[in-house]
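A.B. asks: The chain contents come next:
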Amino acid sequence: MTGDKLVVENLNAWYGKTHAVQDISLSFPDKRATAIIGPSGCGKSTFIRCLNRIHETQPKARAEGKVLLDSQDVYADDPTEIRGKIGMVFQRPNVFPTMSIYGNVAAGLKLHGGYSHDEMDRLVIESLKKAALWEEVKEKLDQSALQLSGGQQQRLCIARALAVQPEVLLMDEPASALDPISTARIEDLIFDLKNQVPVVIVTHNMQQAARVADRTAFLYLGKLVEVAPTRDLFERPTEKLTESYITGRFG
Amino acid sequence: MRPPKRLRRRVKSAALLALCAVAVLITLLPLASILFECLVNGAGAITPAFFLKNPPAPCNPAPGVTCPVGGIQDAIVGTLLLVVVASLIALPIGILAGIYLSEFQDRPLARPARFLADVMTGIPSIVIGVFVFGIFLFFAQEGWISSFSIVSGFTGAVALAVIMIPVVARTCEEALRLVPTSIREASLALGIPRHRTILRIVLSAARGGVITGALLAVARAGGETAPLLLTAGFTTGAITGLSGWTPSLPVLIYQFSAGGYANTTQLAWGAALMLVLIMLLISVGARLALRNRFGGRTA
Amino acid sequence: MAGARVERKALSEELNTLRENMQTIATLSVQAIERAVAGLDSPDAAVVGDVSAIDREVYGLKERIVRNCVETIALHAPVAKDLRTITVALEVTTDLDRIGRYAKDIAESAHELHREGDGRESLPKLREMGSLTVGMIRTAVNAYLAGDATSVSHIHSDDDAVDRFHDELFQLIIDGMARRSVTPRTGAECILINRYLERLSDHAVNIGEWVVYLVTGERPVRLPRRPSPPPP
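Protein chains in written order, with numbering that gives the first Met the number 0: chain A, 0 to 250; chain B, 0 to 298; chain C, 0 to 231.
The reader is advised that the hints may include incorrect statements.
In the DSS-like style, the derived pairs of lysine-lysine whose C-alpha atoms are separated by at most 25 Å in a straight line are [what the hints assert, rightly or not]: (1) K222(A) - K80(C); (2) K61(C) - K239(A); (3) K30(A) - K65(A); (4) K193(A) - K4(A); (5) K222(A) - K65(A); (6) K128(A) - K139(A); (7) K30(A) - K59(A); (8) K139(A) - K84(A); (9) K239(A) - K8(C).
From the structure, some residues in chain B lie toward chain A, with a derived Cβ separation under 10 Å [claimed, not checked]: (10) Q140; (11) V178; (12) P179.
In short, the hints are calculated from the structure, not lab data.
Backbone N, C-alpha and C define an ideal beta-carbon position, used for all residues, glycine too.
Let the hints inform the model, and build the full structure from the sequences given.
C.D. replies: Structure, rendered in C-alpha cells:
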C-alpha cells in the first residue's frame, strides 16, 4: 500500500488579479504517476508550479494554501530547500548553454556544495542512466550540451533534475516540444521512474496521460473537476464535463 | 500588362539597392578617411624611440637646427594606467548595477535607476570632468586630500569610471535580459539559491554580452579627452604614480596638434594612429568575445 | 473560435455508420427469429429458405461491423462512452449473429418436425416458449437501439421463467419418448428446439447486460443461476 507523498489542501493561486487555481485539493501517492489534464488555460501549469514554489518567482504571482511533502508544509520555510526535494522538468528543454553535458547534470550538485568528485561522478552517471541517455553521451561528457538533439536535451534536463535525488518529480508537458519517438522514450522513462519517485505530469495530450499515469486529475477553469484511477476515468468518467473533454467533444 | 510590371518592379529594386549602397559608402567614407589620414601621417612616427622616449621640447626645423624626435612613452603608460584603474572601479560597480537592473526589475529602485543610467550615458564628458573636479576640489577644501592631488591620475581614473559605469550597467543589463527566464527557472528548480543562480548560471550564460559591454566601455574611456583635461592634467615628464599629473594619449594629441611645431605635431599623428589601432583591436576583441567558448555560435 | 463546439467529425461519422449497421443487423436478427418461431405453427417450406437467407446476411454484416470497430479503435483511440459504444457493439453483434444462427437451426428442426407429423404434444408448449423468447429478444434489442437500460431491468426474471419452461418441457419430451407417444426423431428435434430457445434467451440476457454497461459503465450483477440439466 503506498501512502500519499504529496498532499495539496485548498490551494489557490493568482497572477495579478487572475485567479488561476481555485481551491484545489489533491493528493499524490508515492511510487505512482499522476497526470493532470485539461484544456489550455485551465490552470494546470500554474498548479504544478505552486508545488515547488516556482510560481512565486514570477512578478505579481501569489499562492495560498497548503502543500505537504511528507506532512511538512512546503510553504513554511525558505523555498530553496524544498526545490531541492521537488524536482521539475519544463516544457522546453532548458539546458545551461555554457556548460558541458557533465556540467549540466552536475549543476545542482556543484552549486549545492558538499559532494566529493567521486560522488558527483557516480550521481551523474546514475542519473544519465536513469534518463536513458548514458549510452548516447558517455563518450562526450565534456562537450557542449547544445549539440544534442531536442529529445536528448530534454532527457538531459531529466537527468539533471534526478541528480539531486528529489523526492517528487514534476513534469510540465515534458514531451510537447518533441517528436513521437522522443516522446515515446520519455514515456518509457516515466514508466520506470515512477517506481522510484512519484511523478506528477501535466499534459495536454490525453492519450499520453492514459499511457503513462496511474491516476488522472481533470482540471477546468482553475477547478478540479474529477480525479480517478486512469483506467476508470477513461472508461467511465463520472462528470459530464470530463466526458466531454476526454471524448474530444468540447463546446 | 505583365512585362512592364515586372520590369518596373525590377528597376525599383535595383534603384533601392543602388541608393542603399551609396548611403553605406558615404557612411564609411569618414571612417576610411580617418584611417587613411592617420596611417599616412602617423606611420612615419612609429619607431622604437616612439615607445621608449618621452616628448621633446617643441621646435620647428630650421637651417642649422635639428629637432629632437622623442616619443610618447609615458602617454601610453598613462592611458593604460588611467584605463586600468577606471576599469577596476567601474566594472564591478557597473556589473552589479546591471545585475540589479535585470534581476530585480520589480524593486522600486530599478526604474528610476535605469532612467538615470540612460541619462548619464548622454551627459557630455566635459560636464562629468567638471563634476569630478569639483568633488575633489571639495575634498581638498575640507582638508581630506592635499590640494596637489586635485588634478591627478586618480581623479582622471574616477572621471573615466563615472563615464563607464552607466554604459557597463546598461549593456550588462541587456545581456542578462537576453538570457531566457527558463534558464533561471531551471536553476531555481534544482534548489540552487537565487544569488548563485544569478552569479554562476545567468551571468555565465550572458558572459559574451557582458564582456562586450565591458570592452566597449573601456574603449570609450580610453578615447575620452575632455574630462582628462580637467582631472588628469598633462605632462611631458615621467609619471609619478597616480597622485601626480598623468599624461594620456588623447590629451597628448590635443596638446601637440594645436602647437604648430613640426616634431610634436608628428608625435600627435603617431599617437592618433595608435589610438585608432587600439580602438580597432578592442572592437575585434569584443566580437570574438561574443563567440561561445564551444565555438561558432553567439552566446 | 470561442464557443464553437468540437465535434470530432471523423469519429462521429464512424459511430453513425456503426449505429446504422447495428440497427440493420438487429432488425434482421429479430426478423429471423420471429419468422422461425412463427414457422413452428405452419409447415411452410419457404421458412427454412427465408431464415437461412437472413442468417447469411446477418453473418456478412457482423463481419463488416467487427472490421469497422477494430479500425475505429486503431484510428481514433476512443474513450469513455465512445469506447463502450464500440466494445458493446462488438459483443452484441456476436449475440445477434448467434440469434440468426439459432433461428436457422430452429427453422430446420421445425421443418423436420412437421415432416414427422407427430409433434402435437410438444408444439403448443414450444410455441409458448418461443413467443416468450422472442419477447425477450425484442425487449433487449429495442433497449440496445434506444440506449435505455431501464427496460431490461426484469430480463433476468424473464430468463428464469424461460429456464423453468425449458426444464418442464424437457421432462415432458423425455416422458413422451419413454411412453412411445412420439417418435425418437420428433423427440430429438423437440429437445433441440427447446435447447435453442433456452440459449436464445441467454443471448437476450447478454444483450440486456451489455446495454446496462453501455449506459452506466458498470457490469450488472448476475444472479446465481439454477443448475441446468446436461446438454444433449
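A.B. asks: Now, for every hint given, state plainly whether the structure supports it.
C.D. replies: Evaluation of the provided hints:
no.	hint	verdict
1	K222(A) - K80(C)	23 Å, holds
2	K61(C) - K239(A)	32 Å, violated
3	K30(A) - K65(A)	22 Å, holds
4	K193(A) - K4(A)	12 Å, holds
5	K222(A) - K65(A)	16 Å, holds
6	K128(A) - K139(A)	15 Å, holds
7	K30(A) - K59(A)	34 Å, violated
8	K139(A) - K84(A)	29 Å, violated
9	K239(A) - K8(C)	20 Å, holds
10	Q140	47 Å, violated
11	V178	9 Å, holds
12	P179	7 Å, holds
Violated hints for the displayed structure, listed by number in ascending order: 2, 7, 8, 10.
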